[in-house]
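Counted from 1, the sequence shown has number 1074 at position 225 by the numbering used here; the numbering is strictly sequential.
No lab work stands behind these hints: they were computed from the structure.
Glycine included, C-beta positions come from ideal geometry on N, C-alpha and C.
Treat the hints loosely; a few may be bogus.
Claimed, not checked - Estimated spans, in silico, between C-beta atoms of each pair:
{"#": "1", "residue 1": "997", "residue 2": "898", "range": "16 to 24 Å"}
{"#": "2", "residue 1": "1087", "residue 2": "1001", "range": "37 to 45 Å"}
{"#": "3", "residue 1": "990", "residue 2": "1028", "range": "40 to 48 Å"}
{"#": "4", "residue 1": "964", "residue 2": "863", "range": "17 to 25 Å"}
{"#": "5", "residue 1": "934", "residue 2": "965", "range": "16 to 24 Å"}
{"#": "6", "residue 1": "938", "residue 2": "1087", "range": "28 to 36 Å"}
{"#": "7", "residue 1": "937", "residue 2": "1087", "range": "40 to 48 Å"}
{"#": "8", "residue 1": "990", "residue 2": "1031", "range": "23 to 31 Å"}
{"#": "9", "residue 1": "938", "residue 2": "1037", "range": "51 to 59 Å"}
{"#": "10", "residue 1": "1005", "residue 2": "970", "range": "19 to 27 Å"}
{"#": "11", "residue 1": "1084", "residue 2": "1001", "range": "28 to 36 Å"}
{"#": "12", "residue 1": "1057", "residue 2": "981", "range": "34 to 42 Å"}
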Amino acid sequence: MVRDVDEDARGIIAPDVGLQHFRLERHAPSARVARFVDRYWVASWDLRGRDPYPQRVLAHPVVNVVFAPEGAAIHGVATRITTRTLEGVGWALGVMFRPAGFRPFLGRPLSTIVDAVLPLDEVFADAVELAAAVRAAGPDAAAGVVDAALGRLVPADRQPSEDTTAIVERIAADPAMVRVEALAAEEGLSTRQLQRRFADHVGLSPKTVIRRYRLYEAAERARHGPGVDWAALAVELGYSDQAHLTRDFSAVI
């Protein structure tokens, strides 16, 4: 189920401030496309008479395809916070793939596009026509246009990357999952095998992915409750002590 941003703002830095400058809506993909796509998101803003607003994002460890005023592009998995400056009036549609979900479309390891931004036509043959159709549809109907296009492209057979998707989504859902070795053992893999699979299908190491989701968890706890017991949270998230958690949290978020 796609959750509203008020319930889940993971990845958006200072979401309560940001949402004073833009509106964010989320839409679920069709059942066929949902094998590979987590959700569609539509951001819209009207900052006429106001200063430009720089929104910072620590994106999920996934690929996003973004249709924006300046054009359409594929954003590989990011290892750092990125900033998008909003100004004037505009809107953008994003396709947030599931972890490892873009691997069948890219056709090569996702490690090859980490921190990269690719033109849409590097992967999708009908990119020009699709981008034009999205803009013509407008923010209310754009997600349906892209969903129909992706529905024609999804492979019928189960892909090896779909098993990796399930692993990453377990990490995201279980704050107690903090050790790569334990995760590999549960999957019947060696640590090295798991690392190779993540490099190919996700683009990041299992350790990095675990750390990313644990920091999201810490950020959401801080957002929803000012009285966070950081020492207890550090233990819950697998940190050796509070200092390590607060150092990571401050450095990244």
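Status of the hints after comparison with the structure:
1. 997 x 898: 16 to 24 Å: At roughly 37 Å between Cβ atoms, residue 898 and residue 997 fall outside 16 to 24 Å, so the hint is violated.
2. 1087 x 1001: 37 to 45 Å: 42 Å, holds
3. 990 x 1028: 40 to 48 Å: 45 Å, holds
4. 964 x 863: 17 to 25 Å: 22 Å, holds
5. 934 x 965: 16 to 24 Å: Since residue 934 and residue 965 have Cβ atoms about 20 Å apart, the given range 16 to 24 Å holds.
6. 938 x 1087: 28 to 36 Å: Because 44 Å falls outside the window, the suggested range is violated.
7. 937 x 1087: 40 to 48 Å: 44 Å, holds
8. 990 x 1031: 23 to 31 Å: Violated, at about 45 Å.
9. 938 x 1037: 51 to 59 Å: 53 Å, holds
10. 1005 x 970: 19 to 27 Å: 24 Å, holds
11. 1084 x 1001: 28 to 36 Å: 48 Å, violated
12. 1057 x 981: 34 to 42 Å: Between residue 1057 and residue 981, where Cβ atoms are some 37 Å apart, the hint holds.
In the structure shown, a violation is registered for the earlier hints numbered 1, 6, 8 and 11, in ascending order.
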